[in-house]
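Protein sequence lines correspond, in order, to chains A and B.
The opening position of the first sequence corresponds to residue 1 in the working numbering, with each subsequent residue numbered one higher.
The opening position of the second sequence corresponds to residue 1001 in the working numbering, with each subsequent residue numbered one higher.
There could be a bad hint or two in this list.
Stated by the list, open to error - Sample of chain A residues at the chain B side, in silico, Cβ under 10 Å:
1. Lys22
2. His29
3. Tyr33
4. Asp42
5. Gln44
6. Gly58
7. Phe69
8. Tyr72
9. Leu88
10. Thr97
11. Thr99
12. Tyr101
13. Phe102
Unchecked claim - The list that follows gives simulated cross-link-like pairs (lysine-lysine, DSSO-like), each with its CA atoms no further than 30 Å apart:
14. B:Lys1042 with B:Lys1063
15. A:Lys52 with B:Lys1042
16. A:Lys57 with B:Lys1042
17. A:Lys22 with B:Lys1042
None of these hints come from the bench; they were simulated from the model.
The C-beta atom is built at its ideal place from N, Cα and C for all residues, glycine as well.
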Amino acid sequence: AAGVIQSPRHLIKEKRETATLKCYPIPRHDTVYWYQQGPGQDPQFLISFYEKMQSDKGSIPDRFSAQQFSDYHSELNMSSLELGDSALYFCASRDPTDTQYFGPGTRLTVL
Amino acid sequence: EDQVTQSPEALRLQEGESSSLNCSYTVSGLRGLFWYRQDPGKGPEFLFTLYSAGEEKEKERLKATLTKKESFLHITAPKPEDSATYLCAVQAFNTDKLIFGTGTRLQVFP
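Okay, chain B solo, but in the shape it has when bound (with noise of 0.2 Å):
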């Protein structure tokens, strides 16, 4: 069964304190793995998409990276303005659907 788990649920920084966030999956044959943020009671919002092993993008403070199992999220120097829900999905290639992990809530303090 295709399953996505994230670690850790919540993440509490200080500002300017950087770290990861994990995503673990499990899919029959990974189409793509997309990491989303969500603010509370709003859509969430795209970031990245990864296709294959090894690869890395990045945006501002944000880097994804992707092995075979899992993917992490990086955030370096982060800002109270980052504080949001991360989530992970992964798309099989048998399905057009994503399957989501359950977040990281990550709150930054000044």
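Bound conformation, chain A alone (with noise of 0.2 Å):
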């Protein structure tokens, strides 16, 4: 069966670069969800779209943004990065029982 898929998989980059994630969500799933997990922490709700319109928003800093596009796929754009932001990053998308399927991640280090 299709997953999610996130690209890339892993990411270096120095503190205040730029980073974009993406993220393809399961087919006919129209909602897509973005998570922080850092080491040893649970994931962290960043933000949500739905039909390409934001739909929830969690504790996202003012320095990343995201976007869905026409055909589902959704980036996270990150600026200014910090150390802090080394993490996690998961991508998930919702079938119609509400159940969120994670893609496999996308490990950020900011040295």
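Both chains are sitting in their own frames, so use the hints and assemble them into the complex.
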């Protein structure tokens, strides 16, 4: 069965640089979610999109922005990166039973 | 404030030694409670969704149950390949997001 696809899988950036993470949801899933998971921590909700519109917002820094495109893929743009942004970033998409299926994640390392 | 607490933080079991993981929650109207399994460095893998008190779901050696205040994940005769972190999450009616607990790190030894 098709799963959520994320790219890149690993990303290394310097402080103050910019990063773009991409997410391709499971076909026919219309809602995309972004979560951040720091080392040894649980996933924290950042933002979600339904039918290309922002549907909910969590603890996402102002330096981050996201959007969902007409083909339902989503991108998380992160600017002025800080050391504390180093984490695993997961994208998830939702099926009609409200179940969120997670991608493999992007490991971001900020040096 | 919506909140999820999982216990124990870590659990070591001998292969075949059954046990239960606990997930206590406080939420303003439960839309769903979710169990996930997460291996190190990988994305959470969906296990179960529970919607109302009294509901139970089973899959292989795992069984999830739900009451109005907590959920249990029962592991029967675990195998080493069941070793992982098990995450519990809740979703409230007025939001899309999942609120996760900090997980139970399970290790099963042969």
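We went through each hint and held it up to the structure:
no.: 1; hint: Lys22; result: 15 Å, violated
no.: 2; hint: His29; result: 13 Å, violated
no.: 3; hint: Tyr33; result: 7 Å, holds
no.: 4; hint: Asp42; result: 4 Å, holds
no.: 5; hint: Gln44; result: 8 Å, holds
no.: 6; hint: Gly58; result: 6 Å, holds
no.: 7; hint: Phe69; result: 19 Å, violated
no.: 8; hint: Tyr72; result: 15 Å, violated
no.: 9; hint: Leu88; result: 7 Å, holds
no.: 10; hint: Thr97; result: 6 Å, holds
no.: 11; hint: Thr99; result: 5 Å, holds
no.: 12; hint: Tyr101; result: 6 Å, holds
no.: 13; hint: Phe102; result: 4 Å, holds
no.: 14; hint: B:Lys1042 with B:Lys1063; result: 23 Å, holds
no.: 15; hint: A:Lys52 with B:Lys1042; result: 27 Å, holds
no.: 16; hint: A:Lys57 with B:Lys1042; result: 24 Å, holds
no.: 17; hint: A:Lys22 with B:Lys1042; result: 16 Å, holds
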